[in-house]
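Asks: Chain by chain, the residues run as shown.
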Amino acid sequence: MHYAIVVANFNQEITEGLLHGALKAFKEARVPASRIKIVRVPGAWEIPLAAHLLARTKKYAAIVTVGAVVKGATTHDYWINHAIFPALQEVAEEYMIPVTLGIITCNTWKQAEARSRNNHDNRGYCAAKAALNMAELFEKT
Amino acid sequence: MHYAIVVANFNQEITEGLLHGALKAFKEARVPASRIKIVRVPGAWEIPLAAHLLARTKKYAAIVTVGAVVKGATTHDYWINHAIFPALQEVAEEYMIPVTLGIITCNTWKQAEARSRNNHDNRGYCAAKAALNMAELFEKT
Amino acid sequence: MHYAIVVANFNQEITEGLLHGALKAFKEARVPASRIKIVRVPGAWEIPLAAHLLARTKKYAAIVTVGAVVKGATTHDYWINHAIFPALQEVAEEYMIPVTLGIITCNTWKQAEARSRNNHDNRGYCAAKAALNMAELFEKT
Amino acid sequence: MHYAIVVANFNQEITEGLLHGALKAFKEARVPASRIKIVRVPGAWEIPLAAHLLARTKKYAAIVTVGAVVKGATTHDYWINHAIFPALQEVAEEYMIPVTLGIITCNTWKQAEARSRNNHDNRGYCAAKAALNMAELFEKT
Amino acid sequence: MHYAIVVANFNQEITEGLLHGALKAFKEARVPASRIKIVRVPGAWEIPLAAHLLARTKKYAAIVTVGAVVKGATTHDYWINHAIFPALQEVAEEYMIPVTLGIITCNTWKQAEARSRNNHDNRGYCAAKAALNMAELFEKT
Chain A
1 MHYAIVVANF NQEITEGLLH GALKAFKEAR VPASRIKIVR VPGAWEIPLA
51 AHLLARTKKY AAIVTVGAVV KGATTHDYWI NHAIFPALQE VAEEYMIPVT
101 LGIITCNTWK QAEARSRNNH DNRGYCAAKA ALNMAELFEK T
Chain B
1 MHYAIVVANF NQEITEGLLH GALKAFKEAR VPASRIKIVR VPGAWEIPLA
51 AHLLARTKKY AAIVTVGAVV KGATTHDYWI NHAIFPALQE VAEEYMIPVT
101 LGIITCNTWK QAEARSRNNH DNRGYCAAKA ALNMAELFEK T
Chain C
1 MHYAIVVANF NQEITEGLLH GALKAFKEAR VPASRIKIVR VPGAWEIPLA
51 AHLLARTKKY AAIVTVGAVV KGATTHDYWI NHAIFPALQE VAEEYMIPVT
101 LGIITCNTWK QAEARSRNNH DNRGYCAAKA ALNMAELFEK T
Chain D
1 MHYAIVVANF NQEITEGLLH GALKAFKEAR VPASRIKIVR VPGAWEIPLA
51 AHLLARTKKY AAIVTVGAVV KGATTHDYWI NHAIFPALQE VAEEYMIPVT
101 LGIITCNTWK QAEARSRNNH DNRGYCAAKA ALNMAELFEK T
Chain E
1 MHYAIVVANF NQEITEGLLH GALKAFKEAR VPASRIKIVR VPGAWEIPLA
51 AHLLARTKKY AAIVTVGAVV KGATTHDYWI NHAIFPALQE VAEEYMIPVT
101 LGIITCNTWK QAEARSRNNH DNRGYCAAKA ALNMAELFEK T
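Protein chains in written order, with our numbering: chain A, 1 to 141; chain B, 1 to 141; chain C, 1 to 141; chain D, 1 to 141; chain E, 1 to 141.
Bear in mind the hints are in silico, worked out from the structure with no lab data behind them.
Hints may contain errors.
You can't tell identical chains apart in this list, so a pair holds if it fits in one copy or across any two.
As the list claims (entries may be wrong) - Listed below are the simulated DSBU-like cross-link pairs for lysine-lysine, each with C-alpha atoms no more than 35 Å apart in a straight line:
1) Lys110 with Lys37
2) Lys71 with Lys27
3) Lys71 with Lys140
4) Lys110 with Lys58
5) Lys110 with Lys27
6) Lys37 with Lys27
7) Lys24 with Lys59
8) Lys58 with Lys24
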């Protein structure tokens with residue numbers, strides 16, 4: 001089975017940590033790197049479209065999304081979240097493919113760091129684990 | 001009639017309680033265990049897709065969803081709720097199948113415990129009762 | 001012309017008041033009781049699906065929804081509202097049928113009582129009046 | 001070119017002011033009254049369906065919506081807005097017709113009065129101007 | 001490759017700054033002005049429909065949106081944002097075209113000015129860079 005990861009470059013210090021977490025989970029599950037497609041997009045806003053692009057190839061058992069939306073001085077972060085999370089559900093529903101959440105939405109940079117460290121609370125790690133579980137569920141069903 | 005239950009494993013102490021509540025309601029209604037399909041997903045985020053997977057089999061009279069989204073330090077819980085509840089309505093509308101709510105959205109762990117105990121306020125119990133009522137309504141209509 | 005009313009049983013003291021209000025408006029408009037279909041669902045969450053079920057029969061000039069979502073200790077009420085109101089608009093749009101609002105969303109029980117009494121502020125009454133007006137508009141257009 | 005205006009009767013003191021503003025803008029643009037269809041609905045909730053009804057006739061270059069949602073004691077106004085604004089975007093997208101916003105969402109009655117007076121800040125006036133601009137854009141494109 | 005920019009005229013002092021930022025990014029990427037289509041709409045509300053109009057021509061590699069929604073005394077800005085951001089995602093998904101965000105949502109005019117100045121934090125500049133990156137990604141995929 002092949003997997004895809006969509007990574008937002010924005011807040012890259014954080015998203016690289018999340019990406020490493022995701023790759024670690026795949027490694028633990030013995031998914032070879034050659035079976036993991038990584039697609040980079042500028043920011044969280046672009047994640048659903050890239051996920052859509054990957055979903056419609058019907059090549060991947062699941063798609064992991066990786067991004068970090070941190071609260072700023074304006075409501076920019078709020079409205080991005082408002083639009084992207086439903087859009088990700090819609091990609092999943094349209095193509096019947098698991099699209100799991102390694103996008104963190106934090107009030108502070110500290111929160112973002114805590115969720116992207118090299119441990120099992122890393123949200124990229126959790127998202128990849130969820131992708132593996134869901135792929136297994138789909139295989140059985 | 002067959003029924004399905006989608007259970008999120010996240011916050012499992014709570015969701016097992018909700019699942020037991022749902023099974024109790026089905027038992028009271030004399031639905032044999034062999035007619036209840038239980039599907040487990042990693043977290044609440046994955047419930048709509050699993051519900052979709054079950055709905056399109058057209059095998060179930062209703063789907064009960066079981067999950068526990070508890071408010072944390074970030075807005076993660078908010079955005080999950082923001083996306084999953086409309087997505088569950090859409091699965092129901094697309095397949096004309098009742099998809100009932102045993103997903104609790106709590107501000108505290110205490111609230112989550114109170115809604116997953118072995119009594120008639122158990123929200124899994126209520127969701128299964130709603131599923132039974134709706135299945136009956138659909139049969140008559 | 002036939003009309004349908006979807007009533008949520010949850011918070012039944014309130015929703016019966018709203019239902020009586022709706023029936024009163026239909027009576028004032030001389031719509032015979034035999035032309036009014038009443039469908040009962042467990043809670044507000046199930047209203048859109050029941051409205052959908054009725055809409056697709058193409059038998060009704062309009063559908064009145066009756067429910068009472070009262071703010072509780074958790075955000076349960078918020079997320080139900082978040083999902084059901086757009087879902088009701090979608091049923092209306094998909095079948096080009098007026099689906100009017102006798103669902104009250106209250107912060108307190110007192111507010112719910114005030115909006116379900118036997119007077120012209122009764123929101124079930126208002127919703128049925130709106131249904132009658134919209135049915136007339138559709139007939140003319 | 002023909003234009004349509006959907007007016008919500010609820011809070012009629014305000015919405016008549018907005019309607020007059022819209023008509024004034026059309027008059028300034030020398031659109032004859034005979035080319036302006038006015039449709040009245042009970043409240044803001046019913047505006048999207050009426051806009052849909054008008055859009056699918058493919059007779060109008062644009063649709064102006066006129067309504068006044070004023071914050072009350074409950075969250076009724078919030079949930080109406082929550083559902084109707086996306087629904088209006090969907091009507092526009094489905095029929096590729098400009099649907100412009102003369103629906104005001106106010107915290108106080110004073111705000112509603114200020115936005116419906118006979119001047120160029122009248123939001124009905126602005127919405128009709130937007131409809132005229134968009135119709136011109138569509139003609140050129 | 002051709003690109004399109006949809007600019008809202010409302011709060012024009014700000015949106016012209018954002019537009020200049022977008023054009024600067026395209027210039028840096030050596031996209032000739034003749035390959036950039038600029039479409040002007042009255043306000044942010046009309047951006048999704050104009051984006052849709054451009055997307056369905058299938059002529060553009062990406063669409064940049066430029067607008068400035070500044071918090072006012074009413075909730076008008078909130079409800080516009082509530083509807084337009086999901087609508088922009090839907091245009092992107094429907095036509096598989098990158099639609100990037102140069103729409104700023106600010107609490108104060110000062111914030112809007114800070115995000116529309118002639119520098120690399122200009123959000124029109126960032127949105128055009130995102131459009132260029134996404135167009136490249138689509139070309140490769």
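Asks: Does each hint fit the structure? Answer for all of them.
Replies: Hint check:
For the homomeric pair Lys110 and Lys37, the shortest alpha-carbon distance inside one copy (29 Å) is at most 35 Å, but the shortest distance between copies (42 Å) is not. Taking the shortest alpha-carbon separations for Lys71 and Lys27, both the intra-copy value of 32 Å and the inter-copy value of 31 Å come in at or below 35 Å. Taking identical chains as interchangeable, the C-alpha atoms of Lys71 and Lys140 lie at most 35 Å apart only when they sit on different chains, with a minimum of 32 Å there against 40 Å within one chain. Taking the closest pair of Cα atoms, Lys110 and Lys58 never come within 35 Å of each other, the shortest separation being 37 Å inside a single copy and 43 Å across copies.
Within a single copy, Lys110 and Lys27 get their C-alpha atoms as close as 27 Å, which meets the 35 Å cut-off; across copies the closest is 37 Å, which misses it. For the identical chains of this complex, Lys37 and Lys27 are neighbours both inside a copy (14 Å) and across copies (32 Å), given an alpha-carbon limit of 35 Å. In this homomeric assembly, Lys24 and Lys59 come within 35 Å of each other (Cα to Cα) only inside a single copy, at 21 Å, whereas the closest approach across copies is 38 Å. Taking the shortest Cα distances, Lys58 and Lys24 sit within 35 Å of each other inside one copy (24 Å), while across copies they are farther apart (38 Å).
In the structure shown, a violation is registered for the earlier hint numbered 4 alone.
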